[in-house]
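2 protein chains.
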Amino acid sequence: MGDVQALLRYVFQTENQLTIPVSGTGSAAMEAALCNFIEPGDDVLIAVNGYFGERLVDMAGRYGAQVDRIDRPWGEVFTPEEIEANLKQKSYKLMAIVHAETSTGALQPQVAEIAAAAHRHGALLVLDTVTSLGGVPVEIDAWGVDVAYSGTQKALSCPPGLSPLTIGARAREVLDNRKTKVANWYLDMSLLTKYWGSERTYHHTAPINMNYALREALRIVDEEGLEARFARHRTFAELLWQGLEDLGLPPRVPIEYRLPTLTTPQLPEGVEDATVRKQLLSEYNIEIAGGFGPLAGKIWRIGLMGYSSRKENVTLLLAALKELL
Amino acid sequence: MGDVQALLRYVFQTENQLTIPVSGTGSAAMEAALCNFIEPGDDVLIAVNGYFGERLVDMAGRYGAQVDRIDRPWGEVFTPEEIEANLKQKSYKLMAIVHAETSTGALQPQVAEIAAAAHRHGALLVLDTVTSLGGVPVEIDAWGVDVAYSGTQKALSCPPGLSPLTIGARAREVLDNRKTKVANWYLDMSLLTKYWGSERTYHHTAPINMNYALREALRIVDEEGLEARFARHRTFAELLWQGLEDLGLPPRVPIEYRLPTLTTPQLPEGVEDATVRKQLLSEYNIEIAGGFGPLAGKIWRIGLMGYSSRKENVTLLLAALKELL
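These protein sequence lines are chains A and B, in that order.
Just so we're aligned, residue 0 is where the first sequence starts under numbering that gives the first Met the number 0, counting upward by one.
Just so we're aligned, residue 0 is where the second sequence starts under numbering that gives the first Met the number 0, counting upward by one.
To be clear, the hints were calculated from the coordinates, so they are not data collected in a lab.
It is possible that some hints are incorrect.
Note that identical chains are pooled: a pair holds if it fits in a single copy or bridges any two copies.
Straight-line Cα separation of at most 25 Å, SDA-like style, residue types lysine to any residue; simulated pairs [unchecked claim]:
hint : residue 1 : residue 2
1    : Lys-193   : Gly-296
2    : Lys-180   : Gln-65
3    : Lys-180   : Ser-307
4    : Lys-87    : Leu-316
5    : Lys-178   : Val-56
6    : Lys-193   : Ile-287
7    : Lys-193   : Tyr-9
8    : Lys-297   : Glu-255
9    : Lys-193   : Met-0
10   : Lys-310   : Leu-266
11   : Lys-310   : His-120
12   : Lys-178   : Ala-111
13   : Lys-89    : Asn-312
14   : Lys-193   : Ala-288
15   : Lys-87    : Ala-111
16   : Lys-193   : Arg-276
17   : Lys-178   : Gly-40
18   : Lys-180   : Gly-40
19   : Lys-89    : Asn-208
20   : Lys-193   : Arg-300
21   : Lys-180   : Gly-63
22   : Lys-193   : Gly-121
23   : Lys-297   : Leu-280
24   : Lys-92    : Gly-242
25   : Lys-193   : Gly-289
26   : Lys-180   : Val-66
27   : Lys-321   : Ser-90
In isolation and in its complexed conformation, chain A is listed as follows:
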């Protein structure tokens, strides 16, 4: 347990004591990142530019938050200025934003500036790092993020089953000063703190095999080193981007805020989305995902995460697409 916590602090680049794997997949830690800090009637601001922003809105509402949202079309990102303009409107207890949108391939820049804006207006910043942690820089302490969560099965290359969560001092204080019990027993961090703290007080039975798996996955991240890992993700993403451009499938997200872990090429007229993906799977053993929501049929979603971010995967996919298109 201690090893997993120390290694998670390394990948999150944080000294937060309260850094743990939640005993459920990514959405469980997303829910923990909200329910521990929201009490009924609290004002909450959510930035929505994709599917997982929508999920944050849905979840926060279930815990009685008065949710306001800032919207951007799927695939775009936010400026700190427009977020601050919204933060000024009310006394928000918390705001949440997605760092890397799995539904669009956009990477939110200037998180430090957004955190500073949140703090100027008394709000906590919750950051979704599901598709960024371990693949692109995530600097919880340097950026001043109060709460962040992730999944194990993306750039950490571990099976799904746990979800990393880190909680800073400012958020911890909000948790400690709640007037009501956390409205979710399984994810109640005031109880889980004692389980993962020196007391090791029984809360629930942890998925032990998954914890061993995560320890090993994180050990491999540590062995490679974060800087080398980020560089590798960047290198092979750029190789993929160039190849897609050459094939007439340009990435949809502008390069300034394009995510290296997940690339979303725009499909040209005449390319049969599902047919090509089915052929990739059956003939080449390559699985890529389709778009969904407003991007259904318009993009593909190609993951190069953790172990799968390798030159041979990019070369094979590009060669296969060349044969199929």
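Add chain B to chain A, keeping to what the hints say.
Same frame as chain A, but now just chain B:
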């Protein structure tokens, strides 16, 4: 997914379509068994005769239930008559009771009569089968239980990480007629129904390795057959009980409602609880648990569950205790 559901229906002895593994350990399914059916202000009745009854009270309260409780000292069980007397007091939407109390070793008899009483008074019956499923008879349909849940790591002999849950027609109707969203996104069965139904609509990423593990554990249960499995648990429990009597460590729970999967010998004066358990572990590689709550220091908790319910384990433990005491 289909195999896991079919095999879970077999161990629960039910035809409930909505029978799934929840993507968290036992307490997650416990919470799902409550939060999907409770709306703020609902009257709920909980029978408490051990640690997990207390947990049910805590959880139900977090979802806004008005919780009443019937208490029995830890280690005792309830009669259908006393439960019905309480059910008459109010219009309870739901009542919950623990079939096999992991904290005491007591097995609640007459569940069918309790279910009938609940239905006479318009309440759903929720049953905790964490320490019974796969080790002693659990007959969801024959008994008329509306909602039941369990863990994977006890008598099913699978690693922890998932929690079986089954929901009958009466409970499904309550879920379908909610006025408010389920106050827990990750455990919302109205969404999970579509994930585990023929639509296979994405909800969260399931812990896939754990689902394969559960499929294999259930396949082994099926291969042995439930009747043979229950007989095996009973045979080796009786062997243990006799041996403990002979050593002056009589099981605390009367034989009429004693649990075969978990035996709780009463410690005589002069036996150092923690010292003996530590020696068992370090010298014989046997781990047994201590009592907690009002039973701390007064009992041990010896599990013979699934694969571990074997003659050689009983023989070794009894021989080791003989040497140590």
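_At most 25 Å between CA atoms: does that hold for Lys-297 and Glu-255 within a copy, between copies, both, or neither?_
within (21 Å within a copy, 66 Å between copies)
*Given a CA cutoff of 25 Å, do Lys-180 and Gln-65 count as a within-copy pair, a between-copy pair, both, or neither?*
For Lys-180 and Gln-65, both the intra-copy (18 Å) and inter-copy (15 Å) Cα distances are at most 25 Å.
_Within, between, both or neither: Lys-87, Ala-111 at alpha-carbon 25 Å_ = Within one copy only: 18 Å inside, 59 Å across.
*asked:* As a check of your reading, is Lys-178 near Ala-111 (CA-CA no more than 25 Å) within one copy, between copies, both or neither?
replied: Close neither inside one copy (30 Å) nor across copies (41 Å); limit 25 Å.
*How would you classify Lys-193 and Arg-276 at a CA-CA limit of 25 Å: within, between, both, or neither?*
between (47 Å within a copy, 24 Å between copies)
*Tell me, please, which holds for Lys-193 and Ala-288 at an alpha-carbon limit of 25 Å: within, between, both or neither?*
This pair counts as between: shortest inter-copy Cα distance 20 Å, intra-copy 40 Å.
*asked:* I want to check one pair: Lys-180 and Val-66. Are their C-alpha atoms no more than 25 Å apart within a copy, between two copies, both, or neither?
replied: Result: close both inside a copy and across copies, 20 Å intra and 15 Å inter.
_Within a copy, between copies, both or neither: which one fits Lys-310 and His-120 at a CA-CA cutoff of 25 Å?_
neither (45 Å within a copy, 66 Å between copies)
*How do Lys-321 and Ser-90 come out at 25 Å by Cα distance, when the copy is not named: within, between, both, or neither?*
Classified as neither; 54 Å inside a copy, 67 Å across copies.
*asked:* When Cα atoms must be at most 25 Å apart, do Lys-92 and Gly-242 count as within-copy, between-copy, both, or neither?
replied: neither (45 Å within a copy, 60 Å between copies)
*Using 25 Å as the alpha carbon limit, work out where Lys-87 and Leu-316 are close: within a copy, between copies, both or neither.*
neither (47 Å within a copy, 67 Å between copies)
*Within a copy, between copies, both or neither: where do Lys-193 and Met-0 come within 25 Å Cα-Cα?*
Within one copy only: 13 Å inside a chain, 35 Å across chains, cut-off 25 Å.
Checked against the numbered hints given earlier, the structure breaks hints 3, 4, 11, 12, 13, 19, 22, 24 and 27 and satisfies all the rest.
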